[in-house]
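K.L.:
Here are the chains, one letter per residue:
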Amino acid sequence: MADFRTDPGFLDRAVTIHRADCEALARTSGPSPAETPPSPDLDEAVAAYVLAARRAYDGMRRQIGHLAGLLILAEAGGREVLAVAALSDAREKWDAIEAVLETARTPPRLDHHRESLRLAHHLIGTALSAFDQIGLRGKGAGPAISAQLNGAYRILQGIAEPRAGMTMVDFSHACCSCAQHANRR
Amino acid sequence: MADYSIWVLEYSYVKDYHKSGVLYGAHNQGYVKLPYCYVLIKGNGHTAMVDVGYNDKDYGKHLADKFGVENWHSPKEVLAGVGVSPEEVDTVFVTHSHFDHFGNVEAFPNAHFYIQEREISKNVWAMALPDRMRWMMTAVDPGDILRGVGLAQQKRLTMVDGSLEDALPGIDLHAAVDSHTYGSMWVTVRNDGKKQSSDTWVLAGDLVYVFENVEGSGSAVDVDTLYVPVGLAAGSQTNLVLATEEMMKQTGYEARRVIPIHEERLKDTFPCRITEDGLRISEICLADGESSKV
Ligand SMILES: [Zn+2]
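Protein chains in written order, with my numbering: chain P, 1 to 185; chain X, 1 to 294.
Hints are supplied without guarantee of correctness; some may be wrong.
Pulled from the structure, derived: some chain X residues nowhere near chain P, Cβ distances all over 10 Å [said to hold, decoys possible]:
| hint | residue |
| --- | --- |
| 1 | N44 |
| 2 | D58 |
| 3 | Y59 |
| 4 | S74 |
| 5 | D141 |
| 6 | M159 |
| 7 | R280 |
With a straight-line cut-off of 20 Å between C-alpha atoms, the simulated EDC-like cross-links for lysine to aspartate or glutamate are [as the list claims (entries may be wrong)]:
| hint | chain 1 | residue 1 | chain 2 | residue 2 |
| --- | --- | --- | --- | --- |
| 8 | X | K61 | P | E161 |
| 9 | X | K33 | X | D58 |
| 10 | X | K293 | X | E254 |
| 11 | X | K195 | X | E254 |
| 12 | X | K57 | P | E161 |
| 13 | X | K15 | X | E264 |
I should point out that these hints are in silico values taken from the structure, not numbers from a laboratory.
A quick note: this is a predicted structure, and the numbers were derived from the prediction, not measured.
Backbone N, C-alpha and C fix where the C-beta goes; we use that ideal spot for every residue, glycine too.
Please work from the sequences and hints to get the whole structure.
P.N.:
Shown next as structure tokens:
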């Protein structure tokens with residue numbers, strides 16, 4: 001997803017949220033990074049698409065982690081497996097992501113990006129259906145489900161765009177996050 | 001007599017890291033170097049790791065560009081510094097699921113892995129929450145969870161529920177629930193093998209980043225030192241302090257025996273050397289008959 005004709009800092013700021021007590025925040029004034037409005041010269045169509053795509057991307061990223069975690073618990077004997085969020089929640093989320101993908105207006109040059117998102121979404125849906133059939137304690141379908149999830153992960157990783165907040169790991173509060181300010185002094 | 005050798009192996013670092021990230025409330029106190037390390041434990045016929053680092057191919061460039069993480073080297077290169085290959089590692093204790101600790105399991109093809117069950121189950125819960133609560137998934141790579149599925153399917157993953165004594169002879173695992181993460185774990189090596197050991201080392205994962213987390217200045221409250229928890233807690237700073245007390249108790253309140261792996265000043269406390277790759281090897285202790293690697 002190249003070619004954001006944007007204030008290069010905007011997308012960065014939009015996805016960088018610090019702890020409330022972070023020194024990097026204290027040094028800046030004005031609206032918090034998450035609230036910073038797009039700069040006027042931002043291509044509006046691209047910006048609108050990016051916001052929608054990011055929601056879908058992040059939702060799927062977490063769905064993969066959610067389902068993979070359930071698989072581990074099913075496979076390695078998780079005591080708490082039945083207490084964690086049920087599959088119906090996952091299905092609801094999957095539906096919500098579908099709605100985002102359906103309604104997002106895609107600038108022509110980003111068509112392939114949305115196609116990739118759709119494909120990942122489809123794979124997660126297939127994994128979800130398989131999970132529905134075997135249940136949380138079920139075994140046997142594990143390898144097929146993890147293959148689908150791995151496929152979806154690879155697609156998302158392949159279209160990762162850190163500047164647009166689409167990465168498979170949210171580093172924005174991680175151990176290393178506050179270094180970025182230092183790094184740019 | 002000592003059963004195990006322990007080395008802290010640096011595999012990457014950030015040169016300028018905000019001090020407030022490693023020490024709760026340390027605002028405007030400048031920058032420190034933040035090394036990224038894992039631990040090798042060798043002895044009793046075993047070669048074990050505490051954490052496995054991350055794989056640079058996945059997001060190394062992003063970490064370098066954005067966060068200043070530099071000089072990453074693979075486990076093959078890093079472990080060579082103490083004469084070990086990743087294939088020899090038979091056991092890995094994963095202290096928590098952050099990418100820089102759990103992100104390179106495929107580099108250890110023959111190892112059996114241990115992680116707290118709660119670290120998985122509570123992350124599953126967190127990942128199912130609404131978008132606005134996504135903070136709780138900070139630094140967790142779903143790809144690592146997927147690789148965990150692979151381990152589980154190969155019967156190479158043991159989920160630990162709380163404490164586990166003698167995971168390897170003389171090596172215990174302990175949970176710090178809802179602290180740095182939901183199911184953080186520390187590793188205790190009783191190096192004389194005794195139940196009431198007088199030679200205990202604690203490998204603290206991210207429950208302690210730097211010495212001040214254990215021996216912070218207490219001058220403001222008129223005591224010599226106090227525990228100051230790390231900045232990042234998915235659980236609470238209270239639970240971090242409680243875990244610190246537990247770890248300290250296990251070492252007979254000898255602070256130098258609680259090993260923080262993000263601490264650059266291990267060099268002032270333990271023998272060490274810098275490798276050709278510019279990374280530090282800190283030698284915490286040596287098993288009987290083992291030769292120094294520094
Ligand atoms: Zn961590």
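K.L.:
Each of the hints needs a verdict: does it hold here or not?
P.N.:
So, going through the hints one by one against the coordinates:
no., hint, verdict
1, N44, "holds (25 Å)"
2, D58, "violated (7 Å)"
3, Y59, "violated (6 Å)"
4, S74, "holds (19 Å)"
5, D141, "violated (4 Å)"
6, M159, "violated (5 Å)"
7, R280, "holds (18 Å)"
8, X:K61 / P:E161, "holds (12 Å)"
9, X:K33 / X:D58, "violated (23 Å)"
10, X:K293 / X:E254, "violated (25 Å)"
11, X:K195 / X:E254, "holds (18 Å)"
12, X:K57 / P:E161, "holds (15 Å)"
13, X:K15 / X:E264, "holds (10 Å)"
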